[in-house]
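Visitor: This is what each chain is made of:
2 protein chains.
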Amino acid sequence: MAPNTSSLRTDRPAVLFDLDGTLLDSVYQHVLAWKEALESAGIPLSIWRIHRRIGMSGGLFVRALVRETGRELTAGEADRLRKLHEEAYGRRVREVKPLPGAQRLLEVLTDLGVPWAIATSSSDVTAAASLTMLDVPRDVPVITRDKVAYAKPNPDLFLAAAEALGRAITDSFVVGDSVWDMLAAQRAQALGIGVLSGGYGREELETAGAYRSYDDPLDLLEHLDELGIRTR
Amino acid sequence: MAPNTSSLRTDRPAVLFDLDGTLLDSVYQHVLAWKEALESAGIPLSIWRIHRRIGMSGGLFVRALVRETGRELTAGEADRLRKLHEEAYGRRVREVKPLPGAQRLLEVLTDLGVPWAIATSSSDVTAAASLTMLDVPRDVPVITRDKVAYAKPNPDLFLAAAEALGRAITDSFVVGDSVWDMLAAQRAQALGIGVLSGGYGREELETAGAYRSYDDPLDLLEHLDELGIRTR
Numbered sequence: 037m038a039p040n041t042s043s044l045r046t047d048r049p050a051v052l053f054d055l056d057g058t059l060l061d062s063v064y065q066h067v068l069a070w071k072e073a074l075e076s077a078g079i080p081l082s083i084w085r086i087h088r089r090i091g092m093s094g095g096l097f098v099r100a101l102v103r104e105t106g107r108e109l110t111a112g113e114a115d116r117l118r119k120l121h122e123e124a125y126g127r128r129v130r131e132v133k134p135l136p137g138a139q140r141l142l143e144v145l146t147d148l149g150v151p152w153a154i155a156t157s158s159s160d161v162t163a164a165a166s167l168t169m170l171d172v173p174r175d176v177p178v179i180t181r182d183k184v185a186y187a188k189p190n191p192d193l194f195l196a197a198a199e200a201l202g203r204a205i206t207d208s209f210v211v212g213d214s215v216w217d218m219l220a221a222q223r224a225q226a227l228g229i230g231v232l233s234g235g236y237g238r239e240e241l242e243t244a245g246a247y248r249s250y251d252d253p254l255d256l257l258e259h260l261d262e263l264g265i266r267t268r
Numbered sequence: 037m038a039p040n041t042s043s044l045r046t047d048r049p050a051v052l053f054d055l056d057g058t059l060l061d062s063v064y065q066h067v068l069a070w071k072e073a074l075e076s077a078g079i080p081l082s083i084w085r086i087h088r089r090i091g092m093s094g095g096l097f098v099r100a101l102v103r104e105t106g107r108e109l110t111a112g113e114a115d116r117l118r119k120l121h122e123e124a125y126g127r128r129v130r131e132v133k134p135l136p137g138a139q140r141l142l143e144v145l146t147d148l149g150v151p152w153a154i155a156t157s158s159s160d161v162t163a164a165a166s167l168t169m170l171d172v173p174r175d176v177p178v179i180t181r182d183k184v185a186y187a188k189p190n191p192d193l194f195l196a197a198a199e200a201l202g203r204a205i206t207d208s209f210v211v212g213d214s215v216w217d218m219l220a221a222q223r224a225q226a227l228g229i230g231v232l233s234g235g236y237g238r239e240e241l242e243t244a245g246a247y248r249s250y251d252d253p254l255d256l257l258e259h260l261d262e263l264g265i266r267t268r
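Going line by line, the protein sequences match chains E and F. Counting along the first sequence from 1, when you hit position 134 you're at 170 in the working numbering, and nothing is skipped either side. Counting along the second sequence from 1, when you hit position 196 you're at 232 in the working numbering, and nothing is skipped either side.
Note that these hints are calculated values from the structure, not bench results. Each hint should be verified, as a subset may be incorrect.
Where chains are identical, the list cannot tell them apart; a pair therefore holds if satisfied intra-copy or between any two copies.
[As the list claims (entries may be wrong)] Calculated pairs, SDA-like style, for lysine to any residue (alpha carbon to alpha carbon, straight line, at most 25 Å):
id, residue 1, residue 2
1, Lys119, Val132
2, Lys183, Arg99
3, Lys133, Thr105
4, Lys133, Glu104
5, Lys133, Leu109
6, Lys133, Ile79
7, Lys119, Ser76
8, Lys133, Gly112
Construct all of the structure, not just a fragment, from the sequences and the given hints.
Guide: As structure tokens, then:
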């Protein structure tokens with residue numbers, strides 16, 4: 037029997053967006069905020085190692101940190117570290133801006149009737165400021181790490197985002213700047229679209245499974261046809 | 037006739053080091069210093085695009101910038117931008133530290149009788165503070181962009197460094213964190229050794245021609261045998 041494809045609008049797949057480094061130029065501020073938090077806790081760690089962990093779940097981040105510095109952290113210390121990071125990021129958030137094309141891309145998708153959502157490893161608090169910056173309409177699903185059991189590279193955030201849109205995850209694209217987004221996309225059985233705007237290289241994203249990669253949201257907007265999304 | 041290899045000590049190749057991101061954890065400070073300089077000149081540019089240009093010659097950096105922002109800069113504006121960057125970096129230099137293993141690696145090479153030198157796209161002024169931080173002995177050749185016609189990815193800096201050591205460039209390794217180091221190494225006919233400590237990915241460095249890559253100076257030190265350098 038042929039599969040029933042009559043209800044599928046393959047030209048209107050769901051699009052599930054990561055936030056930091058994907059829609060906002062905020063990765064480097066997060067990196068230096070973590071550096072500041074770690075220094076003030078007396079934990080030395082090279083900055084590039086922090087960069088390579090951005091976007092993954094805070095719990096895993098701290099665990100990887102323990103491994104890389106050979107230092108044990110109590111649950112209390114880990115919590116304090118996350119709080120220090122949140123404060124340090126708060127002091128830098130004024131410098132953060134949407135990436136080129138981010139708002140326009142979201143508007144175009146809305147106009148085309150392409151359902152989209154946000155799925156971020158950030159907390160509700162940190163995400164709130166970002167959503168204001170992007171003028172995200174109130175009816176857009178926003179899945180933060182406060183809403184799921186496990187953040188990236190586990191698939192939960194993206195699975196919940198697709199569900200909130202009422203779409204199959206296999207009929208969704210995941211757009212993200214980090215290896216953790218691409219790995220989570222694979223685990224969720226979605227195709228991952230990489231953007232370079234978080235400072236990972238194209239080869240890194242493709243090695244992690246990116247189906248396609250673009251410079252930033254503007255570059256993605258200019259190539260929507262490559263995703264089979266028909267613009268009018 | 038067999039080539040004369042009697043004078044070659046292939047276990048003691050020359051090693052030509054880049055500075056920022058290779059021996060010092062300074063790339064992210066340079067990136068944000070450029071961001072600050074560009075903002076104050078009214079030029080918007082995503083931070084990852086700045087990161088991807090760090091380590092290349094300042095002249096080429098500004099040229100690439102013009103291309104990416106579609107904005108023309110006069111020679112005077114370009115000079116002012118470089119000056120703004122130098123000042124903004126100066127305000128951050130207190131945060132900069134040597135990378136793990138950097139000083140020890142240089143000491144071990146010296147003890148082994150492996151000749152080494154520094155070759156950086158930075159100016160004399162910016163490099164001076166870095167050399168103090170690393171306790172670089174005064175008799176080590178330091179080639180800055182003030183000493184050659186063209187900085188990286190042109191081969192001049194590395195060619196001059198090998199010459200200053202009295203060694204053939206083909207008997208030298210280039211150690212660097214950026215694509216521009218690896219491209220310059222290829223042009224110079226040296227083998228490039230990539231380090232990830234500047235925030236480029238391993239795949240990016242290998243695509244640009246890295247013969248081998250390591251996490252940082254400490255990781256390189258622990259694998260000197262892979263370069264055929266016999267430690268005692």
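Visitor: Does each hint hold? Answer for all of them.
Guide: Hint check:
1. Lys119 <-> Val132: Both ways: Lys119 and Val132 sit 19 Å apart in one copy and 24 Å across, limit 25 Å.
2. Lys183 <-> Arg99: within (21 Å within a copy, 46 Å between copies)
3. Lys133 <-> Thr105: between (32 Å within a copy, 16 Å between copies)
4. Lys133 <-> Glu104: between (31 Å within a copy, 18 Å between copies)
5. Lys133 <-> Leu109: between (33 Å within a copy, 24 Å between copies)
6. Lys133 <-> Ile79: Between copies only: 14 Å across chains, 29 Å inside a chain, cut-off 25 Å.
7. Lys119 <-> Ser76: This pair counts as within: shortest intra-copy Cα distance 12 Å, inter-copy 31 Å.
8. Lys133 <-> Gly112: Cα proximity of Lys133 and Gly112: none, with 32 Å in one copy and 28 Å across.
Of the numbered hints listed earlier, the single one contradicted by the structure is hint 8.
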